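Colleague: Each chain is listed here by its residues.
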Amino acid sequence: MRFITEKNYKKLMFIPLILAIICLFLIFITPRIQKGIDLKGGNQLILRYDGERIDSSTLSNRIKQNYSLREVTINETTGPTSIGIIIEYSNSPEIETAKAAKNKIDFNNTALVDLKTKSKDILTPLQSKNYISLKEINDIDEINNKDDLKVYLNEIIILANNNFNNSIINLVKSELNLGENARIQTREVSATLGKDFVKASIKVGLIAFILLTLVILLFFREVIPSGLIIFAAIFDILAGLAGMAIMGLPLSLTTIPALLMLVGYSVDTDILLSTKLLKHRTTDPFTAANDSMKTGLTMTITTIVTVVIMIIVSYFTQMLIVLEIASILFFGLLGDLVSTWYFNAPALIVYVKNKEKNKN
Amino acid sequence: MTDLFKKPRIIIWVLLVIIAAIILFTKGLQYGVDFSGGTAFQIVLEKPVTSDQMPGIVSVISRRLDWAGLKDPKVTSSGNQYVTAQLAESDPNEIARLKNTLLKQGKFEAVLNGEILFIGEDIKTIYKDPARGYGVQAIEKKGASSWVLPFMLSPESARRFAEMTFHKCAPTGYENKQVIYDCEKTYFFVDRPTDSIIIVDNQTYLDEKQVPVSPEITGSNMIDFTEIISQVNTNYYIVSDTFTEEQKVSIREDSQKYTKAIVSSNIPESLRNELKDMGYKIVVVNKPTNLPWIWEATGLKSIISLTEGVTNMSAPTTSSSSFEVFNTLTITGTAGTPEQAKERLDDLLILLESGSLPIPIESISTESISPFLGKEFLNNSLIIGLFALLTVAIVLFIRYKVFMLAIPILLADISEILILLSFLSLIQFRLDLATIAGILATIGTAVDHKVIITDGLLKEKDEEHGSVESVVTKIKKSFFIIFAAAGTLFATMLPIIFFNVGLSKLVGFAITIIAGSIIGILITRPAYAELAKEIVLKHEMKHKKE
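In order, the protein sequence lines correspond to chains A and B. Take the first sequence: its letter number 32 is residue 31 in numbering that gives the first Met the number 0, and every next letter is one higher. Take the second sequence: its letter number 438 is residue 437 in numbering that gives the first Met the number 0, and every next letter is one higher.
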């Protein structure tokens with residue numbers, strides 16, 4: 000039984016095109032892919048504990064009200080043996096206001112006395128929230144140059160942010176009755192770092208794609224087959240992204256590596272196929288394609304089975320990072336089956352046939 | 000089978016596995032915060048710095064953490080605007096304190112007899128110019144090295160320095176027709192605790208009645224505990240289990256003047272509570288491993304002796320015409336090796352600069368994992384890795400139905416991971432979850448490539464067309480695919496490493512994958528090809544016989 004035949008091969012190519020549109024819809028329209036805190040900045044608190052489940056909406060409301068936060072989300076990641084919660088929360092509005100006000104100050108063209116008054120005005124709301132002490136505001140009087148004041152103001156705002164985060168951690172710990180040996184993971188990503196990560200990722204991604212194209216061109220020296228390999232890689236990434244959108248996984252420093260891995264797996268099968276069809280072919284293109292499909296399917300299916308096992312084991316052990324990576328790979332590899340055998344293979348056959356026709 | 004061990008590919012493979020095992024056994028692996036627990040600070044500087052500024056910034060940041068009582072923080076730069084510091088601490092309160100000290104510049108004071116000689120702001124310039132003597136030099140005869148650090152004080156502070164140090168040396172004898180002087184010592188502090196009383200337990204006091212003047216040197220001169228404490232201008236109390244009545248009265252009186260109490264870690268909880276009740280804020284100072292407790296408690300960083308040259312020994316009074324004010328002073332010292340001398344010089348340099356950064360810190364992001372969770376992560380990663388390996392072997396066995404093939408598949412995978420880990424151990428890479436992801440990815444591509452090799456070998460049976468290829472051509476063809484695939488993988492991963500832009504986590508991932516691929520395509524996959532060839536040929540022979 001042959002999968003790719005003289006009759007069906009052109010029709011096969013419609014399926015990936017339709018799927019690509021569906022993927023794009025999932026990624027950009029709904030449910031849409033979100034940026035994780037790595038990329039947008041924010042705070043995250045992951046706790047694991049053995050004990051009773053808590054009512055996460057009560058806790059979330061409590062945090063929201065206590066600190067007048069714009070956004071608090073709590074997700075449970077309960078595994079078979081322990082309970083875990085992931086709390087993500089936005090920055091304190093008072094601190095954000097203070098930061099913005101600080102950045103607006105024109106240190107060069109304002110007298111030191113006025114700068115001191117301004118600084119105190121900026122810090123007072125933080126003191127009323129107990130993020131800093133009165134002494135820290137009064138210490139401003141002892142500063143006698145603008146540079147020191149600038150540095151001091153910066154320091155105090157970061158200090159206030161520390162205390163804000165700490166007090167949330169302590170609140171959560173006491174709500175859950177967690178002791179000293181709590182299994183806690185905290186992350187705090189500044190908005191600037193997040194922005195830098197986005198910029199860096201885009202830059203690195205673009206360069207990687209250019210290099211990838213060059214390397215493939217170098218090996219195959221034919222534009223269309225090389226382009227097809229790149230298309231297949233893009234399709235696999237789209238499938239991975241669509242999977243992320245469905246599962247609600249955000250784009251982050253853990254999910255980006257997973258997408259990069261997909262590029263690696265994707266090109267493996269496509270290069271196999273292109274080599275068999277273009278370089279080492281001894282039979283008609285259909286036989287060659289179906290032959291390499293056997294090998295390709297073994298590769299992808301072995302990896303898919305392994306990934307499924309990883310999903311199961313990481314679910315049981317609550318290794319969230321591996322769970323995320325494996326799930327994305329799962330979707331991406333399913334995508335790879337489609338992109339390689341429904342698109343790249345028939346398209347290559349069309350290409351080979353045309354080439355032979357032109358020769359004759 | 001014996002022929003197999005004569006093949007170069009197999010010999011190299013076996014040798015490398017043995018070497019890898021030895022490396023792993025002797026050097027072990029280093030774990031990042033993901034597995035050991037702890038905290039990673041990602042520091043963003045306000046603007047990019049030049050590549051020659053970066054090492055200075057890295058050492059200032061590690062020194063600031065050092066001053067905060069944290070030993071052996073691992074500080075590395077990435078790109079030209081980011082610095083990562085990894086520490087073993089994960090207690091949120093402690094992290095907040097460290098983050099705070101990271102932001103703050105230390106307050107440097109040079110003290111003579113309890114009085115300030117000069118402070119950080121008094122230093123106008125530090126001459127980092129070898130022409131002015133700055134740097135490390137080998138001392139010819141002793142085989143040791145000396146270092147020189149020249150700096151300039153502002154005119155007012157230079158005069159104060161000259162007056163305060165006037166005649167602070169005393170002649171003690173003659174040697175080679177020259178007077179030998181014994182001079183007083185100056186004490187260099189960072190954040191001298193002038194706002195605190197010091198409470199030390201009896202045992203610590205007895206251990207440190209006499210402490211070395213230079214703790215970094217073995218066989219250093221000794222100095223009294225009380226001598227150091229007298230430089231801080233504070234009251235101190237030596238206590239055993241309880242305060243005496245006298246001490247209580249005195250400590251209570253002190254609370255009018257001082258707000259904090261620095262206590263050694265052996266001071267019992269009950270006494271700490273008593274101090275709290277009297278209105279003190281308690282600061283517990285633990286004894287560092289390489290320094291006396293009293294150094295840590297008082298913020299003492301260095302003890303430097305005056306030399307007769309700066310103390311105006313030849314001038315009879317400070318108003319005499321021969322009284323000299325030196326604007327430029329130099330600190331010199333000796334150390335056993337040039338490296339030690341350089342380290343000492345760098346230490347003092349940062350000290351005199353009060354640990355100031357040329358570019359302010361814009362923000363600090365943190366990631367903190369409690370040690371309990373870290374351990375769980377490590378164990379779970381091992382379990383997942385094991386399951387992944389077994390799954391691959393089982394699936395491929397089912398596919399090819401040649402039981403013997405499962406053995407080289409497993410062997411190749413395990414050896415690939417082994418060699419990869421030993422490489423990471425050699426470059427002192429700290430393993431984290433990103434590295435694990437990289438290893439899993441490597442296993443994934445390894446699977447793909449093994450399938451390509453195996454299918455290439457088994458091909459003959461399926462193909463009905465006549466041209467029977469030699470085994471060597473088959474493997475060659477397979478390796479074209481493998482090299483092309485590895486080439487694309489490098490193309491994807493190399494930009495992450497070379498355009499290092501603060502994505503330090505991804506860098507670990509990329510390094511692991513690239514190293515894994517290189518090891519795979521050069522060593523383990525060729526070795527697998529040899530083993531598989533042997534097995535497939537035998538298998539076919541058997542089938543033919545049947």
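Incorrect hints may appear among the rest.
[Claimed, not checked] The calculated lysine-lysine pairs, modelled on DSBU-like cross-linking and capped at a C-alpha distance of 35 angstroms, are:
id, chain 1, residue 1, chain 2, residue 2
1, B, K106, A, K119
2, A, K119, B, K341
3, A, K198, A, K39
[What the hints assert, rightly or not] Not close to chain B: a few residues of chain A, all C-beta gaps over 10 angstroms, as computed:
id, residue
4, Q33
5, E93
6, A99
7, S173
8, A190
9, I215
10, I245
11, A257
12, D267
Keep in mind that the hints were calculated from the coordinates and are not lab data. If you're wondering where the values come from, they're calculated on a predicted model, not measured in any experiment. The C-beta atom is built at its ideal place from N, Cα and C for all residues, glycine as well.
Colleague: Return the numbers of the hints above that this structure violates; sort them in rising order.
Modeller: 2, 8, 9, 11 and 12
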